[in-house]
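In the order they appear, the protein sequences are chains A and B.
According to my numbering, the first sequence holds residues 7 to 581 in order.
According to my numbering, the second sequence holds residues 102 to 599 in order.
I should point out that these hints are in silico values taken from the structure, not numbers from a laboratory.
Treat the hints with care, since some could be wrong.
[Said to hold, decoys possible] Some residues of chain B that are not near chain A, with every Cβ distance over 10 angstroms (derived):
hint : residue
1    : A131
2    : V161
3    : A258
4    : A300
5    : P493
6    : Q505
7    : L524
8    : A527
9    : V565
10   : P580
[Said to hold, decoys possible] Stretch by stretch, here's where chain B covers chain A in the computed footprint (C-beta under 8 angstroms, at least three residues):
hint : segment
11   : 124–132
12   : 168–177
13   : 270–280
[What the hints assert, rightly or not] Sample of chain B residues with no beta-carbon within 12 angstroms of chain A, all distances over it, derived:
hint : residue
14   : A156
15   : P170
16   : A187
17   : I265
18   : A385
19   : S465
20   : G471
21   : A473
22   : P492
23   : K500
24   : Y502
25   : G507
26   : L519
27   : H535
28   : A561
Remember, predicted model here, so these are calculated numbers, not experimental data.
Yeah, the Cβ is synthetic: ideal placement off N, Cα and C, and Gly gets one too.
Here are the chains, one letter per residue:
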Amino acid sequence: MPGLALLAAIGTPLGLALLLALPAARGLVWRALSFAPLPALALALFGTVPFTVSNDWLILGSVLGLDATARLFLIPAALVWTAAAAAARVWMAGDRRATGFGLCFLFAMTGNLGLFLADDAPTFYAFFALMSFSSYGLVLHARSEEALGAARLYIAFVLAGELALFAGLGLAVGETGSLMLADIADTALSVPTVALLLAGFGVKLGVMPLHFWLPPAHGAAPVPASAVLSGAMIKAGLFGIVATLPLGEAAYADLGVVVTAAGMVTIFAALLMGARETAPKTVLGFSSVSQMGIVALGIGAALMAPGAWGAVLPVLAFLAAHHALAKAGLFLGAGAFAVQHSPAARMAVTVALVLPALILAGMPLLSGALGKEALKTALGAGPAVWLPWITLALMLSGVATTLLMARFLVQLWRKRPAAPAGVESDGLVIPFVLLALAAAALPAIWPTVAGSAAQPIAEAAPGTPWPLVAGALIATAAAVASHTSRVGWSAVLSTLTAPAERAAARVGDALVRRRRALSRKARALPPALDGWIAEHRLGQTGIAALLVAVLVIGGAQHVAPTDPIAPPAAEQNGP
Amino acid sequence: MIDMPLLPLIILMTSLGAAPVLLALPERSARLRTGLNLAVAAVKVALVIWLAWKAAHGVVYDLRLSVLPGLDLHLQADPLALMFVALSAVLWLVTTIYSVGYLERGPHRARFFGFFSLCVAATVGIAMAGNLFTFLLFYELLTLATYPLVIHRGTAAALRAGRIYLIYTLVGGLALLLGTLALWGLAGTTDFVPGGVMAEVAAERPAAAQALFVLLIAALGVKAALVPLHGWLPIAMVAPAPVSALLHAVAVVKAGAFGIIRVVYEVFGIELAQGLGVTGPLIAVAAVTIIYGSLRALAQDDIKVRLAYSTVSQVSYITLGVALAGPVAAIGALAHLIHQGVMKITMFMAAGNLAEGLGVKKVSQMDGVGRAMPGTMAAFSLAALAMIGLPPFAGFVSKWYLAQGGIAAGQDWVIALLLGSSLLNAAYFLPLLHRAWFRDATPEAANAPARRKISLWLAAPPMVTAGFVLVIGVLANAPFSPLEWTRFIVTREFNGGL
Numbered sequence: 007m008p009g010l011a012l013l014a015a016i017g018t019p020l021g022l023a024l025l026l027a028l029p030a031a032r033g034l035v036w037r038a039l040s041f042a043p044l045p046a047l048a049l050a051l052f053g054t055v056p057f058t059v060s061n062d063w064l065i066l067g068s069v070l071g072l073d074a075t076a077r078l079f080l081i082p083a084a085l086v087w088t089a090a091a092a093a094a095r096v097w098m099a100g101d102r103r104a105t106g107f108g109l110c111f112l113f114a115m116t117g118n119l120g121l122f123l124a125d126d127a128p129t130f131y132a133f134f135a136l137m138s139f140s141s142y143g144l145v146l147h148a149r150s151e152e153a154l155g156a157a158r159l160y161i162a163f164v165l166a167g168e169l170a171l172f173a174g175l176g177l178a179v180g181e182t183g184s185l186m187l188a189d190i191a192d193t194a195l196s197v198p199t200v201a202l203l204l205a206g207f208g209v210k211l212g213v214m215p216l217h218f219w220l221p222p223a224h225g226a227a228p229v230p231a232s233a234v235l236s237g238a239m240i241k242a243g244l245f246g247i248v249a250t251l252p253l254g255e256a257a258y259a260d261l262g263v264v265v266t267a268a269g270m271v272t273i274f275a276a277l278l279m280g281a282r283e284t285a286p287k288t289v290l291g292f293s294s295v296s297q298m299g300i301v302a303l304g305i306g307a308a309l310m311a312p313g314a315w316g317a318v319l320p321v322l323a324f325l326a327a328h329h330a331l332a333k334a335g336l337f338l339g340a341g342a343f344a345v346q347h348s349p350a351a352r353m354a355v356t357v358a359l360v361l362p363a364l365i366l367a368g369m370p371l372l373s374g375a376l377g378k379e380a381l382k383t384a385l386g387a388g389p390a391v392w393l394p395w396i397t398l399a400l401m402l403s404g405v406a407t408t409l410l411m412a413r414f415l416v417q418l419w420r421k422r423p424a425a426p427a428g429v430e431s432d433g434l435v436i437p438f439v440l441l442a443l444a445a446a447a448l449p450a451i452w453p454t455v456a457g458s459a460a461q462p463i464a465e466a467a468p469g470t471p472w473p474l475v476a477g478a479l480i481a482t483a484a485a486v487a488s489h490t491s492r493v494g495w496s497a498v499l500s501t502l503t504a505p506a507e508r509a510a511a512r513v514g515d516a517l518v519r520r521r522r523a524l525s526r527k528a529r530a531l532p533p534a535l536d537g538w539i540a541e542h543r544l545g546q547t548g549i550a551a552l553l554v555a556v557l558v559i560g561g562a563q564h565v566a567p568t569d570p571i572a573p574p575a576a577e578q579n580g581p
Numbered sequence: 102m103i104d105m106p107l108l109p110l111i112i113l114m115t116s117l118g119a120a121p122v123l124l125a126l127p128e129r130s131a132r133l134r135t136g137l138n139l140a141v142a143a144v145k146v147a148l149v150i151w152l153a154w155k156a157a158h159g160v161v162y163d164l165r166l167s168v169l170p171g172l173d174l175h176l177q178a179d180p181l182a183l184m185f186v187a188l189s190a191v192l193w194l195v196t197t198i199y200s201v202g203y204l205e206r207g208p209h210r211a212r213f214f215g216f217f218s219l220c221v222a223a224t225v226g227i228a229m230a231g232n233l234f235t236f237l238l239f240y241e242l243l244t245l246a247t248y249p250l251v252i253h254r255g256t257a258a259a260l261r262a263g264r265i266y267l268i269y270t271l272v273g274g275l276a277l278l279l280g281t282l283a284l285w286g287l288a289g290t291t292d293f294v295p296g297g298v299m300a301e302v303a304a305e306r307p308a309a310a311q312a313l314f315v316l317l318i319a320a321l322g323v324k325a326a327l328v329p330l331h332g333w334l335p336i337a338m339v340a341p342a343p344v345s346a347l348l349h350a351v352a353v354v355k356a357g358a359f360g361i362i363r364v365v366y367e368v369f370g371i372e373l374a375q376g377l378g379v380t381g382p383l384i385a386v387a388a389v390t391i392i393y394g395s396l397r398a399l400a401q402d403d404i405k406v407r408l409a410y411s412t413v414s415q416v417s418y419i420t421l422g423v424a425l426a427g428p429v430a431a432i433g434a435l436a437h438l439i440h441q442g443v444m445k446i447t448m449f450m451a452a453g454n455l456a457e458g459l460g461v462k463k464v465s466q467m468d469g470v471g472r473a474m475p476g477t478m479a480a481f482s483l484a485a486l487a488m489i490g491l492p493p494f495a496g497f498v499s500k501w502y503l504a505q506g507g508i509a510a511g512q513d514w515v516i517a518l519l520l521g522s523s524l525l526n527a528a529y530f531l532p533l534l535h536r537a538w539f540r541d542a543t544p545e546a547a548n549a550p551a552r553r554k555i556s557l558w559l560a561a562p563p564m565v566t567a568g569f570v571l572v573i574g575v576l577a578n579a580p581f582s583p584l585e586w587t588r589f590i591v592t593r594e595f596n597g598g599l
């Protein structure tokens, strides 16, 4: 039975890809596209883990299976692929290169889902390579100057990464004497081997300085491809690190420092670079880089202090799931935005996009904030020297992400992503909304999905809104500043004073009109009546003054007795 | 099943006997020629399967015909011989089918198929030679039988290429003759024996043993295209596509590499070779060849020349694995002998199809050819990705074993060499794939007069061999896969040597 389930999980996307070669079957394949990841999803959700199936004849003795950790990575990946496939179907409906895209998409899906199921190094490497190389076609799809450049950069980094992996896995197998990933991860590998593996997977993860390919590729790829590149494939890098490195077994202090430092630089440098980007999807790409900096902090800490790994791993799995859903949601949302025709519909999508943006930026009680709080707790067992800095970096990363999200939403309006004509809007809006809702509901679902691994999340503090608020304030200030620099101070001042001037002018107009009306009436009414009005006005004024006086006195009396009891100062001294 | 002690001889005679008949057939009886060609090739595959089956069940084949006292014509079917025979038999069948389509209505078909058959007979003889003397005979026969194939087109360029080819290989053959005589004089025998026959000589006269090693390797290195003896190979690219395919996959280049395997393992013995200090320089030569060939390939615009330089590089993997002197590396080397053959034959046949169907001979003309010839280009792409060493294709398996062999031999730098080579492989193959699949055909190319639909005779063979590339990689661990067979051979060689 597990064998059949595995066959279905890997064989479905692979078989559909091969079917695309038959022109007659193409319509069927596109209709079935969003069902392709479902066998893998079902296997992950309902399969009893761990299990393994040995296929002695395949490759160098291939072992496939699923364990508790791989399962936590496979579930969000399969969800993201499902949503992206649904979007791809409508996005590519009128594209003349649709078949090529579908082929690359399905091959990449096979590789991405398959690598979570691989238990031995060659099989894992095969799926990893399948995913990486076939994504070239996704990045290149538009064939624009931008896409060509991005694809060239992408394939260069992929090659470098694959070579580092070949060397790293080869050395690891040589040192371990076993092809199994579990054995490799249990062996205290030599430092060069670990460094090679880190470099190979670091490319996929996009940690600086291996990130150069990522934002352009995510920006240039069609929307459904960007969603899986960012949502699902980046996580393959993290999973590779989790599956092969002897984290928790041996300490690599030097490498740990390098990875931690790289993580910290990544978080902020990605902000600085992303804030300069104008294409909204590229901004999202930089946000992914920044988020993976957070992940790198966890890995770096575990490299320095192996004792912390037990606590860090479940948090990293949660952060990966959180980022997968939220970021893929944002990408599909950008696509949904791009295909709307009316400004009102665009505004509606923008408002909806605020939800995943807030999740990512660390809105308290939602997955981003919970993940960060849990990571802070988990790293309590990490290297003590680094802890304050890591805590600070995590806090500031919230500010950074908020700023990038603000930039993204603004740029969405200024530079609408390219979209094919005549795309059926629902095909994008529905997957986007579902992913965003899944991301929002993640803290509630996670205990059911992850079981005991969800413990750190359930116990995490709700998080503070301050980074978010600070980010929002800075974003507003930046918006004002940038506006100012664009149009000049006098223009800004005139903008600011314009409402007041308009109001003043309107009041003036009203007064003039009133005076004229009054003068007309005055001319029409008999002088006696005129006298009566003058009297009456005086009376009215007197009544009004009296009322105000009563209110003032009464109000003062009402407030006075409550004074000693109010303000409940204790509430302000919260945690 | 009945036992046939003469089975190796019968296998040799299938193609050797067919050659004169094919030469004598009148030019116009095309149908008869095709039928004969295919029948013989198919019978041979069947016979080889039978031979392998018997050999795997412990039947020993050993045929000797005494020429001089102590100098025999010696045919045998050890596992190593079987491996090479099987490779040549299967690829010969495929290439024959391809040639029939390729030479349709061309001139001099009788000559072509006659020498083609002779060429394969020589390869079988080289494979099953039980001593260096027999090896030498077939090695020279191969040189002579290949020459008419290289100059088949009869153009000035072809004649020049043939001349250069002949000069290189005849000088190499002369060196091999000298080496064989020297071996006979020094060791008193030229037999291939696991563990080698040179132990006593080396103990008494190490310098002579070293000199003999250098002479033999240099002689074989000409055909194996070791730098700096590789000059003929890229020039010989003027030959028709099926000839190039066979030359690069099994016949000439592999005969050299196969000879190096025999000399290192069964004339000297790997331990002795290490003791003599000659494996180190051989590793160096192989390493230089691997990198040099790839670097030259980068600069070539002609598809076939690029493939030729790639062969220079890839065949040296075999030499490298042999010289690394460990069982794991040896598995990589022997597996690569097969894997490289299957991958390269696919690429050459695909390149031939591009030239025939679209008139595309240069890398710079390859824009959009994937759409025009999807089957051919799919086969080509699969083989190219395998060459780069991507799993789960054949090339990955041999590269993986070479890397593990390097680690096992304590030579971790081999990994760096393999990485460099893979990077260069990617650099000269991926642009072709990019052009073929991800660019649109230029308007002139789309309306070129050279465009014609290729027949199934041409279209099918590369797809079949591409299927092999996939299957022997994906099923590398299955019984009777090339890798398993290689493991079996290596167990034998290393037990014999220890």
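Hint by hint, here is what the structure shows:
1. A131: holds, 34 angstroms
2. V161: holds, 29 angstroms
3. A258: Label holds. Min Cβ-Cβ 36 angstroms, cutoff 10 angstroms.
4. A300: Since the minimum Cβ distance to chain A is about 31 angstroms, A300(B) lies beyond 10 angstroms and the statement holds.
5. P493: violated, 5 angstroms
6. Q505: violated, 6 angstroms
7. L524: violated, 6 angstroms
8. A527: violated, 5 angstroms
9. V565: Given that every Cβ of chain A is farther than 10 angstroms from that of V565(B), nearest at about 17 angstroms, it holds.
10. P580: The claim breaks: P580(B) does not keep its Cβ more than 10 angstroms from every Cβ of chain A (closest is about 8 angstroms).
11. 124–132: holds (count 4)
12. 168–177: holds (count 6)
13. 270–280: It is violated, with 0 qualifying residues against the three required.
14. A156: holds, 22 angstroms
15. P170: Non-interface label on P170(B) holds, nearest chain A Cβ at 49 angstroms vs cutoff 12 angstroms.
16. A187: holds, 19 angstroms
17. I265: Its Cβ never comes within 12 angstroms of chain A, the nearest being 36 angstroms, so this holds.
18. A385: holds, 21 angstroms
19. S465: holds, 17 angstroms
20. G471: violated, 9 angstroms
21. A473: holds, 14 angstroms
22. P492: violated, 4 angstroms
23. K500: violated, 8 angstroms
24. Y502: Answer for Y502(B): violated, closest chain A Cβ roughly 9 angstroms.
25. G507: violated, 9 angstroms
26. L519: L519(B) not clear of chain A: closest Cβ-Cβ about 8 angstroms, inside 12 angstroms.
27. H535: violated, 8 angstroms
28. A561: The assertion about A561(B) holds, with a minimum of 16 angstroms to chain A.
Hint check: violations occur at hints 5, 6, 7, 8, 10, 13, 20, 22, 23, 24, 25, 26, 27; the rest are consistent with the structure.
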